[in-house]
Each structure stands twice: as C-alpha cells, then as structure tokens.
Amino acid sequence: GSTASGEAAKDSVTVALTGEPVNLDFTTTAGAAIPQALMSNVYEGLVEIDQEGNIQPLLAESWELSEDRKTYTFKLREGATFSNGEPFTAEDVKFSIERVQSDEWVSSLKSKMDVVDSVNVLSDTEVEVVLKQPSNAWLFDMGTLVGAMFDPSGVEDLANTAIGTGPYTIEAWNRGQSIELAARDDYWGEAPGVETATLRYFADAVATTNALQSGDVDVVYNMQAPELLSSFEGDDKYQVLEGTSNGEIVLSMNNQEAPFDDVRVRQAVMHAIDRQAVVDTAWNGYGTVVGGPVPPTDPYYEDLNDVYPYDPAKARELLKEAGAENLDITFTVPTRPYATAVSEIVVSQLAEVGINAKIESAEFPAVWLDQVFTKHDYQMSVVLAVESRDVLAMFNNPDYYLGYDNSKIKDAAAEADAADEAGYAEGMKDVVRTIVDDAAANTLFIFPNIVVADANVTGIPANSVTEALDLTNIGWK
Amino acid sequence: MARLSDTAPVHGGPDEPLLRVESLTVSTQDRPLVSDFNLTMSRGERIGLIGESGSGKSMTTTALMGLLPEGVTATGSIKLAGHDLDLVGAPDQQLRRIRGNDMTMVFQEPLTALNPLMKVGPQVAEIMLKHRTASSRAAASAKAVELLAGVKLPDPAEAAKAYPHQLSGGQRQRVMLAMALANDPALLLCDEPTTALDVTVQRQVLDLILESVQQRGTGLLFITHDLSVVANICDRVLVMNNGQVVEEGTTVDVFSRPQHPYTRGLLAASDLDATDADGRLFTVASAGGYTPPAPDHLVDEVPAAAVHTPGTGAKTTETEAPAPTTPATGPAEPAGAVVVGPETTAPATTTLDAGAPVISVKDLVRTYQRQRTSLFGKRTEVPALRGISFDVAAGQRFGVVGESGSGKSTLLRILAGLDQPTSGSVRVAGNEVAGAKEHELAELRRQLQIVFQDPMGSLNPRMRVQDIIAEPLLAPGQKVDSARQRKLVAEMLAAVGLPADSADRFPHQFSGGQRQRISIARALICQPRVLVADEPVSALDVSVRAQVLNLLSDLVDEYQLTLVFVSHDLGVVRYICDNVVVMNRGQIVESGSTEQIYEAPRHDYTRTLVNSSMSLRAELAAREAALSG
Amino acid sequence: MTTQPAAVVRSTRRRPPATLLVGAALVLLVVLAALVSFIWTPYNPEQAFPADRLQGSSAAHLMGTDRYGRDVFSGILYGARITLLVGLVAVGIALLVGTPLGILAGMRGGAVEEVSMRAADILLAFPALLVAIMFGAVFGASTTTAMLAIGIGSIPGFARVARSGTLQVMSTEYVLAAKASSQSAFRIARRHVLPNIAGMVVVQCSVSFAIAVLAEAALSFLGLGTPPPVPSWGRMLQESQQFLGTYPMLAVWPGLAIAVAVLGFNLLGDGLRDKFDPKLNGGR
Amino acid sequence: MAIRLLVNLARFAVTYVAATVLVFLFMRAIPGDPAQIALGVNATPELLAQTRAEFGTDRPLIVQYFDWALGLPMGDFGTSYVTRQDISPLVLDRVQVSLILVVLAMIVALLIAVPFGTLAAVKHRSPGGILVSGASQLGVAVPNFLAGILLVVVFAVGLGWFPANGWTAPAEDFGDFLSRVALPVLALASVQGAILTRYVRSAVMEVMSEDYLRTARAKGLGKMEALLKHGLRNASIPVLTVTSVQLAALIIGAVVIERVFVIPGLGSMLLDAVGNRDLLTVQSVVMVLVAITLIINLVVDVLYTVLDPRIRKAS
Ligand SMILES: Nc1ncnc2c1ncn2[C@@H]1O[C@H](COP(=O)(O)OP(=O)(O)OP(=O)(O)O)[C@@H](O)[C@H]1O
Ligand SMILES: Nc1ncnc2c1ncn2[C@@H]1O[C@H](COP(=O)(O)OP(=O)(O)OP(=O)(O)O)[C@@H](O)[C@H]1O
Ligand SMILES: [Mg+2]
Ligand SMILES: [Mg+2]
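Chains as they are written, first to last, in this note's numbering: chain A, 116 to 592; chain B, 65 to 693; chain C, 9 to 292; chain D, 50 to 364.
None of these hints come from the bench; they were simulated from the model. The structure displayed is predicted, hence computed values, not measured ones. Treat the hints loosely; a few may be bogus.
Stated by the list, open to error - With the C-beta cut set under 10 Å, the calculated list includes, among others, these residues of chain C facing chain A: (1) G77; (2) R78; (3) T152; (4) P237; (5) Q249; (6) G253; (7) P256.
For every residue, glycine included, the Cβ atom is placed at its ideal position computed from N, Cα and C.
Using the sequences and the accompanying hints, generate a full structural model.
Below, the structure is given as structure tokens:
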C-alpha cells in the first residue's frame, strides 16, 4: 500500500478494483478480472489498443499487410524477454497463436483466431501470419487477450503463474485481498513510474472510496457507485476521471419469442424508454447515451440517438398496431448493481406505455447464464456486455441468446471485415444501423469507466478500451 | 465494626434490649400481612413464635432482616442494639453489614434457599469471608466443614463438596443452620429450622442452637409448629393469628393457662392423644371441649428418658447414629419384614383383601453417583438404600421413620416410579416398577399419588393453584369437565383448610404451610388407592396438621386408601400409622406394629429415636421442674 | 375449620406494563401502515419520476423522493407489508418447527434428542444464505423464498433455546409431580415446560424478528429477496448506502421504520415476558 | 472416559457423514453449470463438454461424491477447478480469519451484554434500566452493515484513527492487525452485544426472584453482589445457548461485515465460491462450518453440565 499522500518520490501505487480473478489463466477461464490484471502488465501482444481505440505497435515494431489483405508480416522488437529470462522470438508468436487454435485454449474467445490459416516464422524477428480471408477484426483482436504472447516453457501452470514480456511480474497474490505486481528491471521498454503496483480487490464499491479517503489505496478504478463521486469532485486532493469503456448496457429482448418477435413491439420499447433518464437515475448521469451497440472508441461508431427518440405516445401507438396493449412480460434481471438500478427505472417507464414488466431476479452469472444465455428462457433482460467490438458476436448469430435474425447483416458484415479500413468502418456502420432499425436490442448507455484517484497519481488510463488495466505508465507527480 | 458477643456491647449498657420492634406492619399493596407487631428481646432471650400457617410469622422475620419480597413493604420501627439506625427503611448499604453478622436467619425452605449451582461448603464459607470473620479462604473452608460437622452432617468434608440437590431435605436444612451460626450472631432468627429433621437429629440440632445461644448471649427468635420444641427451648412465646399477636407470655403460662381461644385451639390440636367426641383430633375450630395439659399432675407420666433439660440433651442421644448391628429385621431376612395382618390394626373397615400386598419391596438397592466434582475428578457413590424389603397390605397405614438422609425420600420416589432402583424389585398394585418403561407406569400412577417433601419445588411457579390441584384430573382416562374440576378443587381446598380464592393465586404467594397443603390437595383430588406422602405435615401448623390428619384418616376409611407415610414426627406416625418401619442409613433396622415399636423398641437406633422424641407435656413438666428445682 | 386471613383480595386485573403498551402501540403503527397501503398511498410506490429524483421533504413528498423519483413515504407504507410478512412468517416457521423440536429433544432425550439436535446442528452450520441462494436459484427469488430461507435458518436457534430451557425445567420437582400424576408427555410439555421457557422463547422471537427483517434486506440486495421495484424497507436502506454522504434522509426513513417495527416487537416481547412472570407483578 | 470419548467421536462422525451427503446433494440441486461459468458467454457445446470432462462434473454423482467425501477424513478437500488450487490451505486461511474476527466480536459482545443486561434486569423499573433495555432494543434494530459503514465514516474516513478496511494477519504485524480488526469487531459486537443484552436481561430477571438470592443477601451480600456471585451462573445457561448459536451463525453471518471491511473471511469465500459454482469449495466450506458448529456444541454441552450439576448426568 501507500503511505500518506503528498510524499515525494513514491515508488508504489495501490489500485482498488472490484472483482478478483479466480485464477490467472484466461485461456480457460472467462471473465474480465484476469485480463484486467494481467494484460499489458504481465502479458503483452504484438499490438496494443490505445486509449482512443487505435491499434498501436507493441511487441511488433511494425507490420505490413499484403495486397490481398490476407498476410500480415510482423517485425518484432529486439531485446524483449519473458520474465523467466527467455528471449521473445518469432517462434513464440507462432507458438502463441497456434496454441489459441489448439485444445489447450478452451475460452470461447478462441474463435477469434479461427481466421488464421498459418503462422510462418521468417526469422527470429520476423513472422508472417496468413489469414483464411481478409479480416479487420483480427488485428484488433491481436491487441486483446487472445493476442497475448506466451513462452512455450511458461505455460505449465498458467492458473497460478504468469510469465510474459510485460513490465511487471506477479510478486505475490494474497487471495481474497490483493495481487502485488513488481516492476521488472529487465523490461524492454520504458520502466513504469513505480516499483510495485498493488491491485486490491473489494466486493463493495463503498469500501473502495473509503479506502481511498483513509489513504489505503491511491486509485479507485472502474468505480461502481457513481453516487459517491460528489464528495470527491470538488476536492483538490483527488482527481476524478470519467472515461468510457467498451461495455454497453444492453436491454435485451428475446427476438424469437412473443411478444418481442414482433419488431413493432421491440420498437415500442425503444421509444418507451428515456435513455438519458435511465443514465441519470440509475448511474447518476455518468455514462454515454449513444443509441446503438457501439462505443465511441470503435472505428464504426456513430451517434444513433435520433433513430428512436423518447416518445411514449409513439410507443403506445406501435403497441396498439401490434395488438399488444396491456402487455404482461417477465423481466429477468441479473443480480448486479447496475442491472437492479436500471431495471427499476425501466419497469417504471414501460409501465407508462402499458407494458407491465414483472421483475424476476436471476443470480449472476450462474443462473443467468443457464436460464437466459443458454436456454433462452426469458423475455427481457439487461446485461453489461463488456467485450470489445462485440456487435457481431451479439447480433450476427441467430443462436445467440438475443435471437436476432442475422440474415440481413450476415453478408454485409463479412464484406466489411474483408474491406480496407475505411470500407470496414463504413460497412460496419451500415450493419449497425440495420441492427438498430430492427430494434434488435435497446442499448441503454455506454458504461462509464470512472476513476477516482489521488491528485498526484499520473498515467492512469481513463478509458477502458480493452479489458486490460494498463499500468505501464502509472507514476507519481 | 460493632460485633455483639458475650463481651460488653459497644453501645448502650447491658440493660438495653437486644431487639426492640415497635408497631411493625407488613403489607402488600392491597392487604396487611402482619399488623402492629411489638417485641422487646433482651440479650440471650429465647422467644418462640407460633401460630397458624400463613399468619405472618415468616413475613415478620423476613421484615426484620429487611428482605421482604418485591411488592411487600414494612412500616414501624426495628432497633437492634449496637446500631443507632432504625432497620425499617435503612439503606441497604448499612443493613448489609448487619445481615449475616449481627443478625442471621435460617429460612423456611431449604431446597430453594440454597444456590443450586454452588457446593454447600463454599456457600457456608461465603458468609465468613463476607464479614471477614475467617482469616483466609482456606480457613473459611475449614471452618465451614467444622460447622457442618457441628450440625451433625455425616461425613462433613464430603458433604461440603456436594451440591444442594445431592443432599436430603434435612441435610440441606442443617446446611442453612450452619450458615446462620457461622458468625456467632447477636440475633438468630430461625424459621422452622427443624421441620425436615428426624427427632434424633432435631434433638442434636436444638442442643447445638441452645448451646451457642447460651454461650454467646445470642437472642433467639424461633418459629415452629412444634409446641414441644417451643416448650423445650423458649422462655417466652408469642402466638400469632391472622397477622396479629394474640397472646404473649412465658412458655409455661401460655401453654398451661392459655388466655386466647386460638392458643387454646393450638394446644388442643397439638395434642395427638386427645380426641373430640367423634374420635377425631381437635382443630382450632373444635377445641372447645379441650383441657390444656396441666404440668403439675403430669410429671409422673413422663418417661424418664424423655426428660430433657436444656443443654443436656446432647448427652442422651448418641452423636453418631449406631451402625446397624444385626437389626431385628434386616435386609438379610426379607421375610422378617413383618406383614402385620389387617386384623391386628385394621381401622374401622376390615373388608380388605388380606391376600396380596399392595406394595411389595424386595432387596431394594439405590446407589447414587454423586457427580464428579470437577471434570476429571472421580465420582463418589452414595448408597441411599442398601437392600430393603417390606410389604404393605391394602388399606394399611404404613409409617416410615428414620434418620434424615436414611433414604426415605428415595424410597418414596422409587415407589412412585419416579426413580429407578439400582437393583431389587418393587411391585405396587400389581405393577413392577423396577425397570418399567414410562408407559408401563401409567397404571401404577392411576392408583398412586405422591406428596413431595419440598412444597415449593413441586409447584410450577407459572401455574395457578386451581390448575395445579386439578392436574391429576387431566391424566389420561379421566374425564372431568372444567366445571366439575372447579368444584372438586374447591372441595379439596376446603378440605385442606385453604380459602377458596387461593385457586386463582400463584404458589409464590403462599406461606410454606399453605404450599404444602396445596400439594396434599393435588395428591388427594383423584382419590388414589395408594398415597405416598413425604413429610406431608411437617410444615403445617398443628391445627392444620390435625385437619389434614383427620382428612387422611377419613380417606383411608372411606376409600380404603393405602397410606405410606414418611415423617420424622413420631407422634404423628404413632397417631396415624398402624405399622412402622424404622430406617437408618439405607436399611430397615426394625419393623412392626406401631404399638410394638413404640412400646418395646428392640433396636438401639429405634430406642434412641423414641427417647429423643419430645412431647409437650413432658417438656412443660421439665421446665416446671427446672424452675422450681 | 381454622380461621383464615380475612380478605384475600380477589385477583384484580392490573394495568399492563408500560413496555407492553408502548410495544403494542408501535406494532399497531406498523400494522396500520401496512393496512393503509392496501387502500391508499400518496403515489404509486413503484412508479419512478426521474424528473423528481432526490428531493427533500416537502408537502408533496412527506419523506422526499429516492434516486428514481419515487415517493419515499409511499414506499414506507407499502414496505410495512413486506416487513410484517417476512418477519412474522419467518419467525413463525422457526417458532413452530424449532420450539417443539427443542422441547421434544429436551424431554425425550436418547435417540430423539440425538437426531433432532444433530439435525439442528447441521442446519445451524448450513448458512441461511446458501439456502436462500438455492431457493432463489430453483424457484426464482422472491419474498416467499427469502422468508422460507430465513425461517429455516432460524430454526436451530429456537430449537437450542427451547431444549436448554426444557432440560432445566425437566430437572424440577414439579415435573416429577406431574409425572407422578400420570400426565402425558404432551401435557407436561404444554403445561409445565412451555410456560416456563416462554420467557426465553419470546425474547428469541423478538430478536429473530429483527434478524429476519434485516436478513430480508440483505437478501434483497443480493437479488435473493423481494425483487424490485416492490419497496421493502431493507432494500430501501441498502439502496440508500451510496447516498449517506449526500442525502442521508434516504437512509433515515427506512432505518427509522425498521427501528420502530423491531422496537415494537421487542417491547411487546419484553412486556409479555414480564407479564407472564407471576413473580414479577404479583401474579395479578 | 475412553468409552464416552469414543461415543462422542462416533456421534460426531455420523453427523458429519450425514452432513456431507446433504451438502453434496444441495450443491447439485442448485442450477448453474461450473463449466458454463468458467467459459462465460459464447461458450460452445464442444468446449463445454471438454471443460466438464476436465472438471469431472460429467461423472455420475455417486462417483463424484465418494471422490470428494473420501478425501475429507484426511483433510483433503480436493482441488478447486476454479482456482486450480488445493482447497484445504485456502479454506484454513479463511477459517482462521473468520474465527479470529468472530470470536473477538463475541467476546466484546459478552463484555457489553453481561453488565448491561444485568443492569437492565436489576433496574428494570428505574430509568437507567429502561434506558439500557431501550438502547439494546435499538441496537438490535441496526443492521450490522450500517453499524460498519457508520464506524468507517466516523473513525476511519472522518477522524482517521483507523484504516477504513483491509486485513493483516496477527502474526504478520500485530499492531496493524489490531488497528484493522478494531472497527469490524466493534461493528459486529455492537449488534451482537445488543442482542445478547436482551437475553442476559431476560435470564437475570428469571433468577432475580429466586430464594437463594434472598439467602445470599441474608448473609450480608449487596443486591448486586448477590446477583453476581449467585445469580449470574444460574442465568448463564440460556445465555450460553444463545451465544453458541450466534457464534456459529456469525461465522458466515459476518459476510456483510467482511464485505464492508474487505476482510478475507469464510463468508466471502463462500459467497464467491457459490457465485462461481465452485462446488468443491462450497462443500468444503460448509463441512468446515459443520465441524466448527459440532465442536462448539460439544463444548457447550460439556459447559452445561459443568455450569449446572443438576442437568442430566453424563448421557
Ligand atoms: N410474595 C408474597 N406476596 C403476597 N403475599 C404473600 C407473599 N408471600 C406470602 N404471602 C402471604 O402472606 C401471609 C403470611 O405468610 P408467611 O409466610 O409469613 O406465613 P407463615 O406464618 O410463615 O406460615 P407458615 O407457617 O405456613 O410458613 C400468607 O397469607 C401468604 O399467603
Ligand atoms: N440426586 C442425588 N445425588 C446424590 N446423592 C443423593 C441424591 N439424592 C439423595 N442423595 C443422598 O441419598 C441419601 C438419602 O437421601 P433421601 O433424600 O432419600 O433421605 P431422606 O431419608 O429423605 O432424608 P430427610 O429426612 O432429610 O429428607 C442422602 O445421603 C443424600 O445425600
Ligand atoms: Mg413461614
Ligand atoms: Mg426426604
């Protein structure tokens, strides 16, 4: 931890987080907690996604894309080593990518590597990746956890030891309390501003700010209780950063089940809900209302608020048209603070247009995954979708729990992925617009990434663009 | 600290009375319990307080101690020599220094008066430690054992380590007494300290009290129902009735020339040799035709051995009851347990089935495990019954007398199926009790009722008297509607001499004797065939005692009730029982018809017992003789 | 017949103790609130008015509004229903199952005692939370499942309290006396054991009531209790946590309501306990 | 003695086995697939099957049961498929933390409850007694998380006397341990103390009218003194019962306080494990709880007979 703030030349920083990793192996265990702690800090990829959502070189100094947009040739950074002392080479790239495709990886994210046809080592520092078809998404994904670079000798016990090329190693893990990261002195890049960075885990948002106020932690990252911010906002001792994340609060409607198999009913829901009011009441006004399932940091983002303005009269009309007046529905709400907060206001607004939603809680994740996600046994739900660039994952799959009929976007999406960057953005915008027009789901708002920190801490990544919490640049004024 | 002893007191001259009580009135919110009580006691004086049960005797003494129960208040004035303050309304702070030191009290009910979770030794030691009359904890413990020995508790060192529930009623009472004597008080208040004691021990204990009182000039206020005890030890007597002192005077005057009709009634009722025209014992109500004993022409009737002069009694009784030396009827020869044929002593009705005995006890042994005193200490065994055998025929009135702690209560508990023998067999009304399961005892219980020795403990504090008495009517098989229940209860209350409105009160609102009557009423309400009664009249004043004894006689006659009657009062046993067994140390040392035992005791212990018993006439005569001689 | 002390005054009903009166009054208040909520609340307690959020007390909103702009007073009235329901049903379950179990164990001894007390032990070790999670997961979380889980979780407490009291009562002579008059075990339990352990059991009831109300709050928060938007005092309190620094009144109202209910039941419990102790009030 | 010990052990064992079956079945009855949770959204059926095989959750229940239960006597709780670690040391760590927290809290609670409860009983008609009763009743009405939060707001955030939260093992740094454990113990103890106060009051009321207290006063003991020396032990049986029940319940019941003060106790472990459907860990935690509860009860039963010699002989 840290001592009283304001002291000069501090060499450690403590970050408060909610949600502790259960183990260190994101290749077999889902959830954002593991990559949050490890990516960028312990593991690195060939590329990284910067705060604006752009792809930047990391372990690859540069890369070239072939004319047919199918072959990437990476030139690797020299002098990078794993924390076990092994040098980072092209062989490791091949090993890492192929491992995702193997049975060793059981995370569902492995499908992102399906597009890779082969990996060829050209030299120690040059590697060529051949794709089955052109893909814009792939390179972006290489900046997320599937692109993490492993050493063949460092994957024995991934659940408990993490060996990567990043600026930190795991010094200690106090289960139930904290993970201590120690800066490596043989890191290839610029050393972080601190010797140790401690990630302390809290189950409760109020406890994080208490710890900040009593000086036990220096940074509260991804703060979950926006109502508490008011006491920090006017105070010089603290800085409050309101970044964005790639998490969308999605009010899902089961597209395959009555009454939401009728597009008019879904559209009625879109009109019935005042999304700004939802943000204001449920999350104290923090969060961005965008009207579509795409966060502003994505290249194909656009403001789609105009498509379905808040218009209860219109909603009622649509319902009448669909013959769905005085609708009784069940609203399955996962047991998460954001979900409960959102559900209360949503129910109230739905009631105004004559939709009587009965809330049923579902324990998250176990019951929710089982009931809603796997069995599709629900009518309406709400969930925070945190994966980056997940529009297609959600809507381009009729078997997905949303049950959106993807026939209209399937081809367009494939086309966009294969196009060049500009074409990709444009193509995806069309896809997204189609999804929104069909009212496939109601994206209520983009979840904010709120950070409260000691005013003297620098280098805090305000936006959460991927799952990683990048502590490479953290330090003290 | 002003301690009063045989040496000169700190304040006042020797003429100053030890205790002066002026117009003491004790009342609850809605009625007076004691009114206008006056008393002046000088040093070394021994005053008896007698009177009807519930007349306020205990309340008076409790008021002197300043320990009235919640909701009961006292007015008037109480002055104790050596203390300037009036004890009525004095701050607890001050009273605390007096209580237990200058003034001590033996409470009426020994079972509930002792802390059930503390060994008795430490309970006795505590009073010395509290007033620093013992130099150290060890000294106090040693003194406590000494005191327990002084009150004739067998094996005092072991007894000191026992919990109250492991001691017999009489033993507990003696523990209380040891406590009260510990600090050589200036004033000793005794509330029926010997009710649970057999006559030999009673004798010894009385002598002990007398001895310490005489040596130290202690003032003694002694409550008892036993007029012969009063005659034996008290110089003066106060007679209370209905919350008021109705007569006061020297013992001889009051007992031989009673002025107040109530006193006369008491005397009549206490005289078990005298009966009224119907052949029943006198009660206060029927005492009209009774002539009190005139000591002068009775002297020659007194058996020589029964004459006691204060302070010398101890010599006539053996300190240790003799170990059974080949008793006339011992456990070895159960057949010898005499079944006295009904024809010899049968009361009026003789239509008895003389064949099968109602109760048949063979080789009965009960050994208690006295709990380990510490977690790993070893257990000690207490042989309460060491193999006894006897038979009781139907309609018989069977008396059990014997030393305190000789196993009488244990025997009765086993007869009632409330305790299991260690070995031996017990048949009651055709049911084997030994080893019987709870449901197998149902039949037994329909036929047998028990009156417990300790009245308070056997009454549920949360039940009204109505429900307590009616309880046996609710036993399976009985079908009595509630109106009839009320009627029966009312009848029983009248029969035991309790006011009808007692039915709606709770047990703690009654005096000791009243409680005993409640438990007798409960036992008799369903007219059992067998009644086992453990000291059922020892807590009763003589008038009520006479009433209850009459009641028992009636029942025996009317319903062929078989009675097993435990008492230490030989007079009572003699009056009511036709057969007697004498118990000592868990064994029957002698048995036979009452007359036979009383007139010609064969065993040493029986002789001691008979000799130790006191009679009013004898005591009065002795007192007269001492005065004139 | 001996003369008896003149007039033993007939037992007259005396005024019930103050605790009993105050307790009854407070409980009545809660019951009234619950009843009133069936016919009238100032606003629909479930309806959010985002424009009116987080207002202080005013004529329009007696207790202000919460983060959703819901009227707190309406919520308090409505929540009384949930609170009463949860408290009474949970305590009822525990009382009706635990007390007889404990008495049975204390009276019978032997195998019965062994089995029932070990069962109570296991139940005691089994976190109510886990039971609630299971019910919630299997049947869908609701007020009912929460009530059941809390009730079941409270059984061992009652069983143990009842058993230890029973053991003490069974060692008294009045039970011996009852046995001697052939009273059935059931009757002994009802007439001797129950009245004499009632004091402890009543206290256990009132404490359990408090615990149940608060546990419902905790379960609601974990999504295992009354689902939103139905207001329950516990959840209102939980939701106000974040506003302690800014709108403390949001915590004060439900906190006060819970305190009133709990206090009411506790006082009632104490009062009853003292009233039924004949030694304490002269038995009148 | 030896036989009694054996009987007790056998009884313990049977109860324990019954509990294992119950816990095991219970955990299987709860919906939620551990493999599904490990893989999260987007899991494909093939991956799920593969993961289940790896976890062993696809085996017949009876096999799973014995696989787990047979390890228990050896203190082997198995390996969690969520944390991929041996469960035993992890659970033991948490048990230590919880026991320290809860036992300390219970001690403090008793230190509050015994004097105040006695006072409330002795002075049950005077303002002081009514005040104590009232305060204890209000105390019962305070949720312990609220007590915790208020303590933090005042003493940690406001006055800065204590750290707001966190845990340090006593062996590691005793001073820091004390400063961190103070507030959570106080939060738990204040509420538990209020609850116990009520039981103490009731029990003391019960003994106050007993004759032996009058005897004690007749010896010259003051009212209070008599009560302390002769009454408390008599009143202690029901209080002991409740204390033991509360103690057992609190080990998990402290979870809310663990959350507020970020303490790595058994309660939060259980909650996390249930959330992750970490079946083996949940089972193990519950079995540890069962063991603790049984031990507490065994001790309490012995204490009963030590405290009250009248209670049934060595049964
Ligand atoms: N706690 C109490 N509250 C009210 N009345 C009581 C209480 N205790 C006793 N009494 C009543 O006070 C009267 C006097 O009782 P007390 O105990 O002094 O009688 P006693 O003369 O000692 O009788 P006994 O010889 O039977 O012991 C009785 O009528 C009894 O009913
Ligand atoms: N529960 C017990 N545990 C251990 N010893 C006991 C127990 N009950 C009685 N005793 C012992 O057994 C012996 C017989 O006791 P019992 O009560 O039968 O005597 P008793 O003849 O009725 O005496 P008393 O006339 O004094 O009432 C006594 O020495 C007593 O100390
Ligand atoms: Mg008396
Ligand atoms: Mg006896």
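Going down the list of hints, with the structure as the test:
1. G77: Holds - the Cβ of C:G77 comes within 10 Å of chain A, reaching about 7 Å at its closest.
2. R78: With Cβ-Cβ at 8 Å, under 10 Å, it holds.
3. T152: violated, 13 Å
4. P237: holds, 5 Å
5. Q249: holds, 6 Å
6. G253: holds, 5 Å
7. P256: violated, 12 Å
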